[in-house]
Amino acid sequence: MNAQTVEILLVEDNPGDVDLTLEALNEAKLRNHVHVVEDGVKAMEFLRREGPYEDAPRPDLILLDLNMPRKDGREVLREIKEDPDLRRIPVVVLTTSQAEQDVLDAYEHRANAYIVKPVGFEQFFSAIQSLEDFWLTVVRLPRR
Amino acid sequence: MGVTSHSMKGAQPQTLSDAVVRTIREPLLILDAELRVQAANPAFYRAFRTDPEATVGSLLYELGEGQWAIPVLRELLEHILPQDVAVEDFEVSHEFRELGLRHMLLNARRLEASGEGQPLILLAILDVTERIQTQRDLERSNQELERFAYVASHDLQEPLRMVASYTRLLARRYEGRLDERADKYIRYAAEGAERMKTLIQDLLAYSRVGTQAGDPVPTDPDRVLDEVVRDFALRIRETGARLKREPLPRVRVDPGQLRQLFQNLLENAFKFSDGKPPEVQITGSRDGAWTRITVQDAGVGIDPEYFERVFLVFQRLHGRDIEGTGIGLALCRRIVEHHGGRLWVESEPGRGATFHFTLPASEVE
Chain A
1 MNAQTVEILL VEDNPGDVDL TLEALNEAKL RNHVHVVEDG VKAMEFLRRE
51 GPYEDAPRPD LILLDLNMPR KDGREVLREI KEDPDLRRIP VVVLTTSQAE
101 QDVLDAYEHR ANAYIVKPVG FEQFFSAIQS LEDFWLTVVR LPRR
Chain B
145 MGVTSHSMKG AQPQTLSDAV VRTIREPLLI LDAELRVQAA NPAFYRAFRT
195 DPEATVGSLL YELGEGQWAI PVLRELLEHI LPQDVAVEDF EVSHEFRELG
245 LRHMLLNARR LEASGEGQPL ILLAILDVTE RIQTQRDLER SNQELERFAY
295 VASHDLQEPL RMVASYTRLL ARRYEGRLDE RADKYIRYAA EGAERMKTLI
345 QDLLAYSRVG TQAGDPVPTD PDRVLDEVVR DFALRIRETG ARLKREPLPR
395 VRVDPGQLRQ LFQNLLENAF KFSDGKPPEV QITGSRDGAW TRITVQDAGV
445 GIDPEYFERV FLVFQRLHGR DIEGTGIGLA LCRRIVEHHG GRLWVESEPG
495 RGATFHFTLP ASEVE
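Chains as they are written, first to last, in our numbering: chain A, 1 to 144; chain B, 145 to 509.
Looking at chain A on its own, in the form it has when it is part of the complex (with noise of 0.2 Å):
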């Protein structure tokens, strides 16, 4: 049984992308509480408990842009697969990146998915509600 609320990191510097996934999420089955950070170096603070983040609630779900300012998307998902401590965590990759190469390079440090960012809004939205369906209702999470 997956806990009553369910913890989720929002990696994505664009606030546009960011509101438009509140949004999406805003209208799911379970209860869901989304921490959102702007690029990877907070990314990484957050899932360590680290300065701001000491009291963080571990994520049950992570979504992660690839393109961000300081550490990107690549970077942060090779680091949380390397880590014991972080690399059950379900990663979402959700970007606006078509490229094959970022597809493969994804896969490649175990990615559990890969979602371009579709352009029309009840697309996305529908995107984001089935990644929540799926990852949230359908698929078992490991505990915290």
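Mixed in with the good hints there might be a few duds.
As the list claims (entries may be wrong) - So the derived label-pair ranges between C-beta atoms look like this:
{"hint": "1", "chain 1": "A", "residue 1": "E100", "chain 2": "B", "residue 2": "H500", "range": "33 to 41 Å"}
{"hint": "2", "chain 1": "B", "residue 1": "E274", "chain 2": "A", "residue 2": "N112", "range": "55 to 63 Å"}
{"hint": "3", "chain 1": "B", "residue 1": "E274", "chain 2": "A", "residue 2": "S130", "range": "52 to 60 Å"}
{"hint": "4", "chain 1": "B", "residue 1": "G484", "chain 2": "A", "residue 2": "D19", "range": "23 to 31 Å"}
{"hint": "5", "chain 1": "A", "residue 1": "P84", "chain 2": "B", "residue 2": "D323", "range": "54 to 62 Å"}
{"hint": "6", "chain 1": "A", "residue 1": "H35", "chain 2": "B", "residue 2": "R379", "range": "40 to 48 Å"}
{"hint": "7", "chain 1": "B", "residue 1": "P421", "chain 2": "A", "residue 2": "E122", "range": "26 to 34 Å"}
{"hint": "8", "chain 1": "A", "residue 1": "S130", "chain 2": "B", "residue 2": "P421", "range": "30 to 38 Å"}
{"hint": "9", "chain 1": "A", "residue 1": "N112", "chain 2": "B", "residue 2": "Y329", "range": "39 to 47 Å"}
{"hint": "10", "chain 1": "B", "residue 1": "D323", "chain 2": "A", "residue 2": "D19", "range": "20 to 28 Å"}
{"hint": "11", "chain 1": "B", "residue 1": "N286", "chain 2": "A", "residue 2": "P52", "range": "44 to 52 Å"}
As the list claims (entries may be wrong) - Here are a few chain A residues that face chain B, going by a calculated C-beta distance under 8 Å:
{"hint": "12", "residue": "G16"}
{"hint": "13", "residue": "L20"}
{"hint": "14", "residue": "E23"}
{"hint": "15", "residue": "T96"}
{"hint": "16", "residue": "K117"}
{"hint": "17", "residue": "V119"}
{"hint": "18", "residue": "G120"}
{"hint": "19", "residue": "F121"}
{"hint": "20", "residue": "E122"}
{"hint": "21", "residue": "F124"}
Unchecked claim - Calculated from the model, a selection of chain A residues having no Cβ within reach of chain B, i.e. all distances over 12 Å:
{"hint": "22", "residue": "H35"}
{"hint": "23", "residue": "R49"}
{"hint": "24", "residue": "D55"}
{"hint": "25", "residue": "K71"}
{"hint": "26", "residue": "L86"}
{"hint": "27", "residue": "R87"}
{"hint": "28", "residue": "V116"}
{"hint": "29", "residue": "P142"}
Hint data in this document are derived by calculation from the structure and do not stem from the laboratory. Don't be surprised by glycine CBs; every beta carbon is placed ideally from N, CA and C.
Chain B: place on chain A using the hints.
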């Protein structure tokens, strides 16, 4: 210049060859066994801005700015007389002081002696600078197009996503809660964004025909059509469409582009079926080195006045109530012409349209 030549009917060999040599635009040189210039034609003097004094009697590699002083060329030329071999399409490039950078192709062969003379070498020079320049310009222009296509696809999509998504969100959240005018304005913005999205995607597909073409391979059009028909399965069921097919001869094409071609033609047949269940007939035949394929529908048809216009990019013949940017047929034509073929239409308004196109046939049957 005394040269032996094959005679053209009626003309005296000597006078003809003299006239040819004097009139043709290709520079010609006659060299002896030592590669010394025995004679040159007027075209040579014109092309290299020189005269007999500076030319006749000099060694080939001494001419001009030494542009022919190329060891490999010299070796090849020196083999012509003893071994009776010819030189063809030897490339020489040289930056001349006055003429600038020129690219030239050289042909040379043995000339049988007339009378008791020694055999000689005939050297012909073709200036291909313009052709090469045009090729380079084309390559550069293609690269720029590809860059543009990339920008269009990638960089434009994020702002587009913002506009499209948030106008829809606004509509969703505030429809009926602001005034009627606000609803209308938001709807205009949202629909505009939708059209922008389709336009960008279409432009991308169009530009990619040339820049992202795959290599042509022997392809079975029936297999490609099977896939396309599968994609249309739902619409075929929903509209009660009828598809009649005959086996199609093989072609040598980029299969992805052939698929786009069929997709667009079928899409058109469905779109312009004039309210009736679409009726489409696809046939093909072999015509020498080409395969001709015909896609015929029984829809609304096209006025002969517009037979050429339908193939122009973004030219639409119908109002806004019919979806599409009008690029479908332009894309089809670009694909067909990219393979060296032709695409044209026959139609009578009210009696449907028949699209014919030719593609290179594949030898492997």
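Now the hints, each set against the structure:
no. : hint                          : result
1   : A:E100 <-> B:H500: 33 to 41 Å : holds (36 Å)
2   : B:E274 <-> A:N112: 55 to 63 Å : holds (57 Å)
3   : B:E274 <-> A:S130: 52 to 60 Å : holds (57 Å)
4   : B:G484 <-> A:D19: 23 to 31 Å  : violated (51 Å)
5   : A:P84 <-> B:D323: 54 to 62 Å  : holds (59 Å)
6   : A:H35 <-> B:R379: 40 to 48 Å  : holds (44 Å)
7   : B:P421 <-> A:E122: 26 to 34 Å : holds (29 Å)
8   : A:S130 <-> B:P421: 30 to 38 Å : holds (34 Å)
9   : A:N112 <-> B:Y329: 39 to 47 Å : holds (42 Å)
10  : B:D323 <-> A:D19: 20 to 28 Å  : holds (25 Å)
11  : B:N286 <-> A:P52: 44 to 52 Å  : holds (51 Å)
12  : G16                           : holds (5 Å)
13  : L20                           : holds (5 Å)
14  : E23                           : holds (6 Å)
15  : T96                           : holds (6 Å)
16  : K117                          : holds (7 Å)
17  : V119                          : holds (5 Å)
18  : G120                          : holds (6 Å)
19  : F121                          : holds (4 Å)
20  : E122                          : holds (7 Å)
21  : F124                          : holds (6 Å)
22  : H35                           : holds (22 Å)
23  : R49                           : holds (32 Å)
24  : D55                           : holds (32 Å)
25  : K71                           : holds (20 Å)
26  : L86                           : holds (29 Å)
27  : R87                           : holds (30 Å)
28  : V116                          : violated (10 Å)
29  : P142                          : holds (33 Å)
Violated hints, in rising order: 4, 28; the structure is consistent with all others.
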